[in-house]
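**Student:** Take a look at the letters that make up each chain.
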Amino acid sequence: MSLAKAATLDEPGGFTFLQLSDSHVGFNKPANPDALGTLKEAVDKIKAMPSRPTFYLHTGDISHLSKDSEFDNADQVMNGLNAPVFYVPGEHDLLDDGAGKAYFARYGKGSKGAGWYSFDQNGVHFIGLINVADLKPGGLGNLGAEQLAWLADDLRGRSTSTPIVVFAHIPLWTIYAEWGWGTADSAQALDLLKRFGSVTVLNGHIHQVTQKVEGHVAFHTARATGFPQPAPGTAPSPGPIKVPDGQLRKYLGITDVTFIQGKEQLAIVDIPLAG
Amino acid sequence: MLHSVFRPISRAPGAKAFEMMLLLAMTCSLSAAYAQDPKVTIDNFTFTPAQLTVTPGTMVTWSNADDIPHTVVSDDKVFRSKPLDTDDKFSFTFTKPGEYGYFCSLHPHMTGKIVVKTF
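As given, the protein sequences belong to chains A and B, one line each in that order. All residue numbers for the first sequence refer to the working numbering, where the first residue is 1192 and numbers rise by one. All residue numbers for the second sequence refer to the working numbering, where the first residue is 474 and numbers rise by one.
Isolated chain A (complex conformation) (with noise of 0.2 Å):
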């Protein structure tokens, strides 16, 4: 058990959530023959802690190709959980003629607008992006002027001590323009969040582990359960990558994030599925 999570337990009003990423059931390629495999790999590692969190994110691209199919096989691995999961999509998810409507069928019920939403837990403001929807040509994701509408309207009134945390599928800062690794008008949002004490914002789409910090916002991504890609600019596209056979497995992960009453930032850690 991590000091973190020790604490937690100590600690009133502390608590656990997980997040997921990138699990992409369906894509059976060589650089993962079994994508669906791996995420209940993750799932199994989940349960296998010795202490449960409360509840898990999960950032999209849950699916490959935005099958029925594969949603049912995704769901019937993450409902081992036994917790809440609250997800946003990937552009993975919102590929059907339908643009997302097996999607949003299975996991829209309550959000706002294209699938946005917030909700609270122990005093942690937790916001749901999507930033994958009506991709524009020659450009990143994108959040678009009726989200950040409400996200003005959603933040409005809080107070700054409220902890926020935000999560997207795309990364909500530039990692790397060239393969599109960033979102158009992320600015805005995060100058929405600038006068809160700690913002943390978790993402997923790059399939591998980054962090900054900027002021009061922690940036992270997660690692993918179904397949890595290469670091920005290691290879000629963002493809998935074929690592060494007994490998995969660590380049494959979930992330743990631990609050603690009266500390400002979250306690982030990556946990690969081996080594």
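Because the hints were derived from the structure by calculation, they are not lab data. Accuracy of the hints is not assured; some may be wrong.
Here are the simulated lysine to aspartate or glutamate pairs, EDC-like style, with alpha carbons at most 20 Å apart [stated by the list, open to error]:
no., chain 1, residue 1, chain 2, residue 2
1, A, K1258, A, D1225
2, A, K1327, B, D548
3, B, K555, A, D1345
4, A, K1433, B, D558
5, B, K550, A, D1288
6, A, K1433, B, D540
From a predicted model like this one, the values you see are computed outputs, not experimental measurements.
Once you've looked at the hints, dock chain B against the given chain A.
**Tutor:** Positioned in the frame of chain A, the structure of chain B alone reads:
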């Protein structure tokens, strides 16, 4: 494409020979455009060739060689493919002259252009 056709010709001696070869080259490129259906390959998150010029009535076929699905979506909503998984293809016949910018709606940094004009 035209550039590479012209380059060896410019070295040919004599204006007359040049004109004849130019005519021949133009005829060849015309018939070539009609004879084969041009293809755009999607590989490493890139449309190749990024720009393709065709005559009206030409069918262009895109094929995806990546391990990741892509789409082919016209900027002006003239055409839109379904998600193309590995080795999937999408074809569209261009009837009207014009410039047709397109992109991958999943990875919008991927862009390309089809120019349709009468030679």
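**Student:** Confirm or reject each hint.
**Tutor:** A quick look at each hint next to the structure:
1. A distance of roughly 16 Å separates the Cα atoms of A:K1258 and A:D1225; the hinted pair therefore holds under the 20 Å criterion.
2. Between A:K1327 and B:D548, the direct Cα distance comes to roughly 8 Å. Compliance with the 20 Å bound is thereby established for this hinted pair.
3. Distance hint between B:K555 and A:D1345 is unfulfilled; the C-alpha atoms sit about 35 Å from each other, more than 20 Å.
4. Proximity of A:K1433 to B:D558 is assessed by CA-CA distance (about 18 Å); at most 20 Å being required, the pair is judged to hold.
5. Annotation: proposed proximity of B:K550 to A:D1288 holds, straight-line Cα distance about 14 Å (limit 20 Å).
6. Using a Cα cut-off of 20 Å, the hinted pair A:K1433 and B:D540 holds, with the two alpha carbons roughly 11 Å apart.
Hint 3 from the list above is the single one not met by this structure.
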